[in-house]
Structures are given as structure tokens and as C-alpha cells.
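Q: Listed here are the chains, written in short residue letters.
Number of protein chains: 6
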Amino acid sequence: MRPSGRAPTHLRPISLEVGVNKYAEGSCLARFGDTHVLCTATVEQRVPGWMRDGGRGWVTAEYGMLPRATAGRTDREASRGRQTGRTQEIQRLIGRSLRAVTDLKALGEIQVRIDCDVIQADGGTRCASITGGYVALYAAFRRLVELGIIKKVPLTDQVAGVSCGLYQGDAVLDLDYAEDSAAQADANFVFTGSGQIVEIQATAEDKPFDETQFLSLLGLARKGVDELTRLQREVLDLA
Amino acid sequence: MRPSGRAPTHLRPISLEVGVNKYAEGSCLARFGDTHVLCTATVEQRVPGWMRDGGRGWVTAEYGMLPRATAGRTDREASRGRQTGRTQEIQRLIGRSLRAVTDLKALGEIQVRIDCDVIQADGGTRCASITGGYVALYAAFRRLVELGIIKKVPLTDQVAGVSCGLYQGDAVLDLDYAEDSAAQADANFVFTGSGQIVEIQATAEDKPFDETQFLSLLGLARKGVDELTRLQREVLDLA
Amino acid sequence: MRPSGRAPTHLRPISLEVGVNKYAEGSCLARFGDTHVLCTATVEQRVPGWMRDGGRGWVTAEYGMLPRATAGRTDREASRGRQTGRTQEIQRLIGRSLRAVTDLKALGEIQVRIDCDVIQADGGTRCASITGGYVALYAAFRRLVELGIIKKVPLTDQVAGVSCGLYQGDAVLDLDYAEDSAAQADANFVFTGSGQIVEIQATAEDKPFDETQFLSLLGLARKGVDELTRLQREVLDLA
Amino acid sequence: MRPSGRAPTHLRPISLEVGVNKYAEGSCLARFGDTHVLCTATVEQRVPGWMRDGGRGWVTAEYGMLPRATAGRTDREASRGRQTGRTQEIQRLIGRSLRAVTDLKALGEIQVRIDCDVIQADGGTRCASITGGYVALYAAFRRLVELGIIKKVPLTDQVAGVSCGLYQGDAVLDLDYAEDSAAQADANFVFTGSGQIVEIQATAEDKPFDETQFLSLLGLARKGVDELTRLQREVLDLA
Amino acid sequence: MRPSGRAPTHLRPISLEVGVNKYAEGSCLARFGDTHVLCTATVEQRVPGWMRDGGRGWVTAEYGMLPRATAGRTDREASRGRQTGRTQEIQRLIGRSLRAVTDLKALGEIQVRIDCDVIQADGGTRCASITGGYVALYAAFRRLVELGIIKKVPLTDQVAGVSCGLYQGDAVLDLDYAEDSAAQADANFVFTGSGQIVEIQATAEDKPFDETQFLSLLGLARKGVDELTRLQREVLDLA
Amino acid sequence: MRPSGRAPTHLRPISLEVGVNKYAEGSCLARFGDTHVLCTATVEQRVPGWMRDGGRGWVTAEYGMLPRATAGRTDREASRGRQTGRTQEIQRLIGRSLRAVTDLKALGEIQVRIDCDVIQADGGTRCASITGGYVALYAAFRRLVELGIIKKVPLTDQVAGVSCGLYQGDAVLDLDYAEDSAAQADANFVFTGSGQIVEIQATAEDKPFDETQFLSLLGLARKGVDELTRLQREVLDLA
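If you're matching them up, the sequences are chains A, B, C, D, E and F in order. Position 225 of the first sequence, counted from 1, bears residue number 225 in full-length UniProt numbering, the numbering being contiguous throughout. Position 63 of the second sequence, counted from 1, bears residue number 63 in full-length UniProt numbering, the numbering being contiguous throughout. Position 80 of the third sequence, counted from 1, bears residue number 80 in full-length UniProt numbering, the numbering being contiguous throughout. Position 102 of the fourth sequence, counted from 1, bears residue number 102 in full-length UniProt numbering, the numbering being contiguous throughout. Position 199 of the fifth sequence, counted from 1, bears residue number 199 in full-length UniProt numbering, the numbering being contiguous throughout. Position 13 of the sixth sequence, counted from 1, bears residue number 13 in full-length UniProt numbering, the numbering being contiguous throughout.
Hints may contain errors.
When chains are identical, the list treats them as one kind, so a pair holds in a single copy or across two.
Derived lysine-lysine pairs resembling DSS-like cross-links, with alpha carbons at most 30 Å apart [what the hints assert, rightly or not]:
1) K207 x K152
2) K151 x K207
3) K152 x K105
4) K207 x K223
5) K22 x K223
6) K207 x K105
7) K151 x K22
8) K22 x K152
9) K151 x K105
Simulated from the structure, these hints should not be mistaken for laboratory data.
Generate the whole structure from the sequences, applying the supplied hints.
A: Structure (C-alpha cells):
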């Protein structure tokens, strides 16, 4: 029995609220249960120095967490003077995942920065960031189309992420913090809307696990991402 | 005529929403028009090293802004590796203001950290932080009383802040960003609920101003803070 | 009775020594009693990047304190790797105050950096910095005029600062360190030579104070700044 | 055809040289073709602060690269003043992988630091670090046993890592740099000697891939890790 | 002919002014011509952590330069966030030189910090720092004797430093900045009052030099240090 | 008797292995007994900003040490976020020494970076760095000649360094770590192949020493450098 009382195959209540920020070209408040991540997309009509004059665009991400997003307070990275390794690892993952479905050539020399700020954290913040970041990115691209800056939304597919783990011997979907801390293993899966693999990160927390267990996690993740991409389409009014 | 169309003596629509964070001992989402600041209070049963064994408590504040809280994106302080001078100046002001109404001796060796994170910025973020920070602080103290850790809420008065400025020759209350950027002078006033002065910061932005003008700002600020402290009492269910 | 034995309305012995540095375009050693601040002005014929090609100049300030300027030794900011919030707050104040009386358009694309280094500190270092910084700035501008780089000194007024405070219930002028540490409230006032307000920063240190008290401080400050600007004119041989 | 001319299922020439450092409690120079990583194990008879008095030990890793380990010179992290996100991500992976096969309770309050320094890089440095790090760790533990500090080597299994990727549509084992830069996807697999999964990190570099392709990579990795753990046993003279 | 017009064997006008700082346990303003260095000694009744309970004392030094001490302005190390290599090299040299004549055992568990801050720089700042630092250190020790904290001044000898160089083929004493920048080689010599060698740093700036030239520099330095240590005795009223 | 059993005039076994790095334009693994330093030369066809368009080249050096190069582990400078003063002092010395024999004008606008990384340390790492750095630099220049980028190797002489010290009253050559830690004084000498002085750094570690002792060190150093430069010629196949 999971601490949350959910069935192993159930996501938490998910909501993706579009357009929550007055200024950003695209924005989405992603809620996976008590995990709330505010994602904003900022469009810049110039790419990083190393890409200049290559005719291609770029999508990058940054990730942060408010100090009291967590049960105990976490020191502010700005006052410590550096981002932790965990923060950097997560923001690299979000950026890679979003680029995997972006046609950077079609985008042209434009950069989109996705900021994912965790307002409240209860496990699964990186997956909520990817899932909500996609929505913010789509919204920003749609706005560029409306403004006539690009011809069509340069996304080749949808992308979303979900975590799974082995909790007391069972494969369970969408771990909250209580489950995550007690899991034998946990894994983050990022898939496209059409079911292709973008990223798999599976880690034995407590002890190594076997291939059969891994394949159960993979199956659960597919189911979860299917639900998430369906919701993305719904909030973005896509067919 | 103000860009916002408000009368010179009018605040923006204000809301103070208590208890918005699942984990913090006290929290308040302060909205001054389109300026939204999330304030959380974290209680720690130990004071900073330099105060230890003095029998007194401490209240301190930190301030941050999400990268896309502003019209243009601002680089994340965590990725730049340091807080700006402006950030430090603001968080010192918030801390001083809250300590001015806290009975640190009655609190005992407990520290409360107030985190003020600007979710969206449209001028007046430091005043919204002080006003909302007071609510979060009160809520945290009330919780400590309920838990029997302290006997009564160790606050000697309320405290709130508001900005005023000279806009096209007129003294106006509660500047939004458009007004602030075009103001000849702007000032932040922090008063207690009983009308005492906690802090005055008046600055000539464009050109020096005279004492009469300053006194008009002071008068407007009193009116604004009165409204803010009345709202604080309301949301905290105080008589 | 003040620890210093001074009457409430008396400044400490003040001296402003011009031309104390061999290299700087302008310099002034400002002494407010035992507070000694060395102010130098450095002229650069280029403005910061964000101002370029705007046809306007810039005046900025930096502030530092020698480690043993104070009764106890303070760690060197250079070895700690960052300036404190207090340092940044003070240098921003000095810069703002000097810009308030500078005609940046008349200056043209020139930047002047005012360095204020506290050789010895006994309270009131920021006010001594502004008062001496003005002298260094004037001297540097006069030199630019002599060199034919600008036509006339692009200053619209003088500027000086002084602190006041509530000490044992009384409003007193120009606090030294002993008075400052025991004050109920302290305030820094920056006025122009013609009596306009440039900056007011009043802070309740121990407990909030009322408007009458504030107005006494304001009155004392006017008197103090009048004496300081008279001395500035004297050392600069202005009419 | 791979740039290296190897069959898809072939590792590069591998060597694990034990005892290459005069001072370290354990050391191993791991060579995967032209990738050379020097791994040293340092034993400290105290654990990090947050673990103290818990009766358990700790294994952690750091990773670095000499500036000219790569075809073009990379700036030294020490002179830039911070480790990159990539470095931190890798060293966290190495530490996790080694801890997954260490019985931290049996180790007792001892910390082992594994330093993995890349002398020359031609792809696969993190996998060479894990594989060589295990050897250094084993050697250090064996020394502690010889010194009578612990009773037996507190390792529950072996651990090694290998990379695989999709190169021109084919799954290939142990990518060198030329292959890695042109791969459609690449993945790092960390398995135990008994074939359990410790970590899987699969990333679409160029475009998403499907599950069948992923399973081919998984199969190749098993074969590669089997060879690596066999070699580990050989150089450590284990049965 | 030297730019300064001095004979090759002549020092600049030297002055060592004792007791210039109101707070420091010992202080000296050392002037070597237009080079002015303020040296203060701070006594702390605790030694660094790594020395604790060893019964020995420590003398250490820090070095800094005001931004406009030099002909062109130098960025403030505090605002750049780190001390340069040159600064660290100099402060290590000052500390070593002073420790070489201090009986650390006789001092007991006391640390003295010598701060050397260059108010104006015209070459030879490190030598002025050592020479003036000795005076500040002596004064601080004398004060500790007066207070009965130590029995006698724990200095085994005097110490002073001077620079020499090869200027247009000639060995010259006590280089000023103009000479230093045009020198073929320059060298810093630190000797004790009794003529022993504490430190020699000789560097070919422009091209290597031969042993005869080096010995001329050595001879000049002896003469210079003799004068400096005589002056030290004079200002300290030593026999 | 020296701990190493060597005669006072004997170097440790020295080897200079050329071409040890697959990518660098020049490289040398310098071994002075158990001190092993990997030196690589990286050629960049652009000089630092402050030299641009001056028609001259530049040679610079960086120095680092692997964490477990030493008997006890040293924290990684990259993870501490800054290079120590010692590191900076050493890398400045290496750069100066190599530039002293380089004809920067003949080199043209090319920069060579010499990276000296200590793989294992047993005293004398800076001297091994200079000696091996010269070999790497020569090799890189020879390669540029072969590629037709420069006409001839722009080196005016050879350069090498060796340490000497006073150990139990005797002058001894090429200190290892055990000797160095117990020495009364130690000195580093850098000479050219033709016997000119490039740099002398002599330091009293324990107590000041006299000129006769210094001259013995100087004599030993000459002998040592002669052997080192002979070996350099041998490994570089110079006449």
C-alpha cells in the first residue's frame, strides 16, 4: 500500500494552467499533486555566442526552488553563491528534453529560455518541469506564429516526463516525496507524444534491481506519459 | 493623470492570502495589483552564532525575484553566483522593519526567517514584502502559541509599508512600475499600526525636491498604511 | 548629555583636505572627528555599456573600509570574496547623491568613479563620503574644464550629508560611533546646497518614533548640511 | 562501419593498472583505448558531519579533467572558480554507483573518497571512472583489512560501467569520441558483477529512439560489463 | 641617470610614522617617497585552528591597495570577488618575513595580523610593507608587554626589505615605479638587522642577467636595509 | 646524511619523456624522483586582449595538482572555487621563466599555454614544471615550424629550474619532500642553458641564513641546472 493510498498505476491529480504570468511569452503552472512548478518561456531574438550565424535556434532551461518549497527550509542558492549539482543536472535534463522535440533549424536564430521555478515540492519536480515547460514553450511558439515571426510552431512532437519507482517491492507511478524517500529505486522517463524515448534515468537508491523490475517501470511510465500528453493537448486546445 | 487612472490617494487592489504554503509555519501571498509576493515564515529553534545564549530571538528576511517576474527577463541570481546590491538592500529593510515590532526578548532563542519571493513584479515589491511578511510572521507566531512553545504572540504592534512618489508634480500613492519609472522622486514608508515611524527612505530620482513635497508624500503614506494594517487585521481575524 | 560632550546641535570638528592624492583627477580627505575617509575621483572617457551612444555621462561610487578602520578588526572584503550588503547599500547611496546634482547631459560620454575608502571609522562614514566625494568630484570636473575637455563644471548644486539620531530621548547632530550604537533611531540626510532634499533614510533602531521627533532630526540636519556646504565652498575657493 | 573499425560488439583495448600511485590507499589507472583515467582512493577515519555517530560509512567521488585531456584545451575549473554542471553530474553518478555495492554499515564510520582524474579523454570517461574506481576502492578496502581496521572487504558485488549508442542506425558498444559526437543517442549503463542494474542513463542526442533500439543497447551493455568485471577480478586476483 | 635623479646608491626620502591609527594595537605609516603604506597590527588572543593547543603564536599579513593608489585606477579586489595572485604572493612574503624574526614560542597562543594597505603606490610597496609592518608589530608587542600579557618583546632581530634593479645597465637602489617599469631585472631583498638573509627574490624582467650583476644588487640592498633598520630603531626609541 | 641517502650534490633520477599526450602540440612528463609532472603546450593563434595588434606573442602557464598527488589528500581547487595563493605564485613563476627565453616578437601573435599538472608530488614540483615545461614548449614550437607557421623556434636559450636547501647545516641539491620539510632554508633557482640568472627565490624557513650559505646554494644550483639542460638537449635531439 502506497503512503498516498493511490493504486500503483495512478498519477496524482494533475493540472496544467496556461498563461499564468502577465509578462512571459508563454507560461504554465504545472501541478502534480502538491508539487507546483511555475514554468515561463522567454523569447530572445539572439542565440548564444557559440551558435551565432548558424541559422539555428536554441532552447535552454533553468531550474530553481523557493527556499520553503520543501518541508524543511533549503538555503537559497543565490545567497550561497552557486547552484548545486542537483540543480544543474535537472536544468540540463529539462533543456535536452525540450530540444529533442524542437526543430531548431525551423526556429531560426531565436533562443527560448524556459524557467522552471518550484513553488512547492512534493516529489517529481523535474518531471513536472518538463511537462509544464513543454506547454509554456508551445504557447510561446504559438505567440511567435501569431506575431508573424515564425511560420509554424517548430515542434516535431510533444514531450512529457514522469517518475516511477520500486516501493516495497512494487513498481509504482508518479512518486510523491514520502514514496520517493523510501523507494528501493527510482527512475525518470521522458517520452514523446508518439511514445519515443527521449531520456531514461534509472537509479538504484538502496540496492540494485533486475531487468524485469526495470521493464515494469518502463510500462508504467508509458501509461503516465500518455495521460500527461493528453492533458497537454487539452489545455493547449490541440486536436 | 496617473497611467493607472487611479486617484492620487488610491492604493491598487490589495489582497493578502494567508496559509498558501503547505509546509511553512506561516505564509501569505501579498498582491498589490499585479505585484505578487509569496512570503513564508520558517521557525528555527536556534539563533545565529553571534546571538547564542543571549536569551533573545531573531527575525531575518531574504528576498528574491523569479527571473520572469519582470517585463524583461532578469538573470537568476543563483546562476550569476551572487545577490545584487539591490536585493541585499531590500532584504535588510524587510528584516529591520519586522524586528522593529517584535519583542525579541519575549520570543526567546528562536529565529524566524521570512522569505519574500516575487512571483510577479509591477512596482512596490519591497512594501508588499513587508506587509505580507508581517502576516506570515504573525501566523507563525500564532502557531508557536498553539503548540505551547511561546506564551503569546511577541509582536508589539503591526507593521506595513507603502511607496509614494512625485509623478508629474503630484504626490501619488502606491506607485506601479510605469509610474515609478517616470517619477521625479520616490519614497518608501514603513509605519506601525499605531502610526509610529519605522523607516523612511526618500530618494530624488530625477531632481531634488523640497520639504513641502516630502510632507505630502508622508501624509499619503499614512493613509495607505492605515488601509494596509486594517486589511492585515481582517485576514488575521484580529479585533 | 552626549558621550562626546558636544551640544546636540554641534558637528564634530570637520576638515576637508583637497588634492591629497598624487594621481587622482580629484581627491579629498574628509575628516568628521575621528572618521577619516579618503575620496578620489577617476575620470574615464567611456561610459558603461548600457549607456553607450546616449550622449550622457555617469557618476558612480565605490566604498570600502580598511580592516582596522574599526575598533575591532573587520575581515577584508577582498579575502571574503564579496562585498557585504552594507557596503553595496552605501556605495549606491553615494552614487545616487552625487548624480542628483550632476548634469549628466552636459557632462557628455564621460564616467567619473568616486572611490571612498574609510581609513578610520567613528560613525558617519557614509555622510563623510558624500560630503568629501562632492569635493573630489568638483575638483575633477574643474580639471576637465582646465584641460578643455568640458566647457564648465556640470554640477547644478552642491550636495552633502549628515547623520542625526535620537539619543536618550534627544535629537542630536552628527552621531559618533558611541552615540550611534546607543541611539533609539538614526537617520541620514542628504541635501543640496540650496536646501533641497536628495535622500532621507530614517530608521528605528530600537523602537519606532513619532513624526515630531522626525521633524526635529530634519531640522538639525539642515543646520549641519549648511555648515558642511559652506566648508565645501571654502576649500574649493567658490564664492 | 564505425570510425574505429571495431565490430559493433567490441570494446576498445581495456587495461586496469593497480597501485599506480605511491601514496593513495588504493589506485588504478583505467584505460579504455585512448581514454585514460587515474583513480585514487583516500581513506578518512571520519564521515561527513551529517552522518556522524550513525555507525555507517560513506563512499564519495570527485571527477576532474586535465585541461589538455581533450583535443581542444578546456579551461581549468579551478581557475574559472567553479565545477561545471557536467562535472558535478558525473561525480554524483560515480559516487552513487560505488555506494550501490558497498555495505556502508559493515564499513563503519569511515569515508572513502574516490578521485577520478582524466589524463586523456576519448569518450566514455565516466564509465572508465566507475570501472577503475571500483578497483581503487577494492584495493583500499583490502588494505584496511590487512591493517586490521575492518574485518572483510565490505563490498556486496562488483560494479562497472560502459556506454553504448546508436551510430548510423546501429547499436554499438563503448563509443569513442568520434562515435559519440555523431551518435543519434547514447546511453551509460552501470551494472553489478551479478548483472543487476545500478544505473541507466539513456539520452536522445539527435532524435528520440524506440524501445527496440533501447533494448539492443541494454543487451550490448551487459556483454561489455561482463568483460569489464572479468578484467576487474583478474587484476585484483579474485577467484 | 635615473629618472628620479637619485644616485644609484640612494634611497628615496623615507619616513616611518608610528601610532597613526586610533584603534590598532600597533601602527605605522611607511613612506618610501611617494609610496605610502599604512600598516596596522591587530592582536588576537587565539591562533588559527590548525595551531591550537600547540603553545605557539602566529604572525600573518594581509595586503591591499586602494583603487586609485596607482596612476590608472585598479579595480577593487572586493568587487571582483577575489584577490589577485600578486596580492596573495605579496602578503605571503610579508608574513614569512615577519615570522622569521619572531619567537613564536615565546609569544604563546596569540596571533598578530599585520594589515598593509597601500594608500599611494610608486614602486616598492612590498618592501615598504615589510619595513613598516615590523614597526607596527614591534609597537603591538610593546603594548602587550605593558599590559603584562607577555614578558618581553618576542622579536629576535629586526627585519626590513628593499628593492634593487638593473636600470640601463646599472645596479640601482630602491626603484620607483618609473625605474621599475623600465628595469632589465628587479629584486627584492629582506634582511635582518644583523645582516642575515630572510628572503631574496630576483627576477629577470626583460632578459636574464649574470652573477656579477646579481652580487651588485645584493650589495646595494645591504646598504639600503642598514639605513632602514637604523630608522626603525630611531622611531621605536631603541638603543 | 640526507634522508634520501644521496650525496649533497646529487640530483634524484631525472627523466623527461616527450610526446606523452595524444592531442597537445607539445608535451613532456617530467620525473624528478617520485615527483611526476605532466606538462602540455597548447598553441592558440590569438593573444590575450591587452596584447592584441601588438605583433608580439605570449607564453603563459597554469599549474595544478591532483588531489592525491600528496601523502595526505588535498582538496580539489575546483571544488573549493579558487586557486590558492601558492598555486598562483607557482604558475606566475613558470610563465615568467619560460618567457625569459622566448623571443615574443619572433613568435608573432600566437599564445602558448603551458599546463603543468602534478600527478605525484615529492618536492620540487615548480622546478620540474619549468624544466619539463621548456621541453613541451620547444616541442610545440618545432611543430609550428614543421607546419610552416613560424620560420624557426623562437627560443633564445634553454631554461631549467632546481631547488636547493640547507639541511642540517649542509647545502644540498634537489630537495625531496622529507628534506624540504626539515630544511632551515630553501631556494629555487632558474637559470638559462648558458648560465644566466632568470629567477632566484631564497627563503629562510626556520631561521635566517648568511651570505656564505647562500653562495653554496647558488653553486649547487648551477651544477644541477647544467645536468638538467643537458638532458633537455638529449631528449629533444639538439646538438
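Q: Of the hints given before, which are not true for this structure?
A: Structure breaks no hint.
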